[in-house]
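Novice: Chains as they are written, first to last, in my numbering: chain A, 51 to 413; chain B, 51 to 413.
Calculated from the structure, these hints are not laboratory results.
One or more of the hints may lead you astray.
A pair counts as met if it fits within one copy or between any two copies, since identical chains are not told apart.
[Claimed, not checked] Cut-off 30 Å, straight-line C-alpha distance, at most; resulting in silico cross-link-like pairs (BS3-like, lysine-lysine):
# : residue 1 : residue 2
1 : K237      : K413
2 : K343      : K141
3 : K69       : K304
4 : K141      : K279
5 : K342      : K191
6 : K368      : K69
7 : K97       : K362
8 : K324      : K343
Here is how the chains run, residue by residue.
2 protein chains.
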Amino acid sequence: MRAYNFSAGPAILPVEVLKEAANEILDYEGTGMSIMEMSHRTKTFEKVLNDAEALLREIMNIPSNYKVIFVQGGATTQFAAIPLNLMSDNKKAAYIETGNFSKKAYQEAKIFSPEGVRIVASSKDKNYTYIPDCSNLDIDKDDDYVYICENNTIFGTKFHTLPDTKGKPLVSDQSSCFLSEPVDVTKYGVIYAGVQKNVGPSGLAIVIVREDLVRDELVFKTPTMLNWKVQIDAGSLYNTPNSWAIYICGKVFKWIKDLGGLEVMKKRNEAKAKVLYDYLETSKLFKNEVEKKDRSIMNIVFRTESEELDAKFVSEAKNHNIVSIKGHRLVGGMRASIYNAMPIEGVYALVDFMREFEKENLK
Amino acid sequence: MRAYNFSAGPAILPVEVLKEAANEILDYEGTGMSIMEMSHRTKTFEKVLNDAEALLREIMNIPSNYKVIFVQGGATTQFAAIPLNLMSDNKKAAYIETGNFSKKAYQEAKIFSPEGVRIVASSKDKNYTYIPDCSNLDIDKDDDYVYICENNTIFGTKFHTLPDTKGKPLVSDQSSCFLSEPVDVTKYGVIYAGVQKNVGPSGLAIVIVREDLVRDELVFKTPTMLNWKVQIDAGSLYNTPNSWAIYICGKVFKWIKDLGGLEVMKKRNEAKAKVLYDYLETSKLFKNEVEKKDRSIMNIVFRTESEELDAKFVSEAKNHNIVSIKGHRLVGGMRASIYNAMPIEGVYALVDFMREFEKENLK
Chain A
51 MRAYNFSAGP AILPVEVLKE AANEILDYEG TGMSIMEMSH RTKTFEKVLN DAEALLREIM
111 NIPSNYKVIF VQGGATTQFA AIPLNLMSDN KKAAYIETGN FSKKAYQEAK IFSPEGVRIV
171 ASSKDKNYTY IPDCSNLDID KDDDYVYICE NNTIFGTKFH TLPDTKGKPL VSDQSSCFLS
231 EPVDVTKYGV IYAGVQKNVG PSGLAIVIVR EDLVRDELVF KTPTMLNWKV QIDAGSLYNT
291 PNSWAIYICG KVFKWIKDLG GLEVMKKRNE AKAKVLYDYL ETSKLFKNEV EKKDRSIMNI
351 VFRTESEELD AKFVSEAKNH NIVSIKGHRL VGGMRASIYN AMPIEGVYAL VDFMREFEKE
411 NLK
Chain B
51 MRAYNFSAGP AILPVEVLKE AANEILDYEG TGMSIMEMSH RTKTFEKVLN DAEALLREIM
111 NIPSNYKVIF VQGGATTQFA AIPLNLMSDN KKAAYIETGN FSKKAYQEAK IFSPEGVRIV
171 ASSKDKNYTY IPDCSNLDID KDDDYVYICE NNTIFGTKFH TLPDTKGKPL VSDQSSCFLS
231 EPVDVTKYGV IYAGVQKNVG PSGLAIVIVR EDLVRDELVF KTPTMLNWKV QIDAGSLYNT
291 PNSWAIYICG KVFKWIKDLG GLEVMKKRNE AKAKVLYDYL ETSKLFKNEV EKKDRSIMNI
351 VFRTESEELD AKFVSEAKNH NIVSIKGHRL VGGMRASIYN AMPIEGVYAL VDFMREFEKE
411 NLK
């Protein structure tokens, strides 16, 4: 039986995609081999890669002046690649701190430019339960970019309004909201995402970068594999890519397109989130502490008043086929990641169990 | 029908492993999810990772003072990680150039230490058809390491005797011979390999490093993801790893163990290589130009006298279920990569077709 898997990442994938992958695992389209066994220089794999990029461009409506690369190392490797690729001799950048991953990205940038990287807004004062006002940030004329983590997986918040970057390129880590709803790509300098949250298996990141931001010469000594221009010029084939992950992502892009695209994803995701948030607003046992205007529709965090009760909830949830519902180790409590592939039935099952648990445990 | 897939990488995998993976793709061991969908922080995945490392340590007989990490970015990322992690303030290293990948590794090291990195032996003079004498290399007392690419995928050569490093740590790229035969790990400072040639799917490299070489403080500004100490301390879980590739590699390690380990692999691989080399020695149409003492048992290169005939061979081979037999684009001709998972029947089929082709095309 398939579980209702609320993992924040790696996370639930469409069952149709997994079935197709199983069927093709010994013989992909009559080639007599698995995608895992196929040279990345074959026409067959090049088609897999090119089709994946074309589908992604179509469903995200990515303009032609944006480059798309499929790279290894996860979003965490991009924490370094971003300053390495985007910084001019100014070596300055403005970071907005809304949780663990934006903080890590900031700290990584400081390795390369200890003096030039600044936090210009933060929600640390209230334990990252909101998105700070970014309408009048202290952007420096020499800043090379402004950085956000758009959806905060651990804290359950999301930027619903993008910061005013005062003309500087916006760099956004969309790992946990990638392809969850339409975005206007033209508002960004760089969008990137580790795919293992909402799109595919782990070991792959997608970087979408406006071509005028791609530098021929980098300011820092940079490992070649982290150099975006090298990856762009090689069409993501500078070395052997994570071909299995690209293949699975391509199938997920197709699944999204066939369901109606990102507008439909958004409606489905909002409907799922509403079921859970509506219940949380009425619950006397569970609470979600995120400011309403800043709620994520991908990751919904909640807790009871006691850690013991939280642990009991997580443990008993398993008997209801609800798994990976425990909150991140930094914050405790519970977290329901309800990515594209989570059926609404999973959310109903969760809320049914929460009601039952509340009835039994509310004093 | 499964093809005889002679690809140099990604490359043929054991069919038993692929079948198991297909069976588990919707539900790994009753968890109700695929490995691709499972948090890397679950006990289930930690067991997959720990079991893979334990099996690797067992089949390679890795001493306890060597650390093992599973990282992303392929061997190419390690081309940068090696100088970044191993260099002291000396910033000196000696490279042996035996083909494309050792040259790339050398060039990458020069990004970080343009003055301190030297080629101390090369087989470039004869188009990399041999392994140079490494019995009295010009090692500097300040060299931090000596670097080799142990098996040269493109040129079909292999170090059958390791260089005399005069006490300096030996760093070996074993990507295309990893787990093909027993090695004495204690002779190395670092062994590393991209797994997509002889072990698993692409998107994963394994680094085996002697613990006294792991530096607490690095000389260069280094992306955190490339820092071996960080990866070691995090048990390969600093960020989300390529969990699918680790899972498949674990199954391949088990397959190797069940077949009898690396001694058996060596016998099988030598037997397969002998079939092809014996024929090549007698052929009047095909020739292999590698010095006999330096032959690889993993990648066997051969060509006819004409490019047209080579192209005809590659094209007609497909009708005999022999695929990905074309040589690397840098050198042309043909290449048979006969990794662990290639059955001897595949080599028989190849040689049968070569004989037939020779009869028809020899003038």
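Novice: Does each hint hold? Answer for all of them.
Specialist: Results for each hint:
1. Taking the closest pair of Cα atoms, K237 and K413 never come within 30 Å of each other, the shortest separation being 49 Å inside a single copy and 66 Å across copies.
2. Proximity of K343 to K141 under the C-alpha cut-off of 30 Å is found in neither arrangement, the shortest distances being 34 Å within a copy and 53 Å between copies.
3. With identical chains, the CA atoms of K69 and K304 are at most 30 Å apart both within one copy (14 Å) and between copies (25 Å).
4. Proximity of K141 to K279 under the C-alpha cut-off of 30 Å is found in both arrangements, the shortest distances being 19 Å within a copy and 27 Å between copies.
5. In this assembly of identical chains, the alpha carbons of K342 and K191 never lie at most 30 Å apart, being 33 Å within a copy and 64 Å across copies at closest.
6. Taking the shortest Cα distances, K368 and K69 sit within 30 Å of each other both inside one copy (24 Å) and across copies (29 Å).
7. Taking CA atoms no more than 30 Å apart as the test, K97 paired with K362 passes between copies only; the shortest distance there is 24 Å, against 49 Å inside one copy.
8. For the homomeric pair K324 and K343, the shortest alpha-carbon distance inside one copy (13 Å) is at most 30 Å, but the shortest distance between copies (70 Å) is not.
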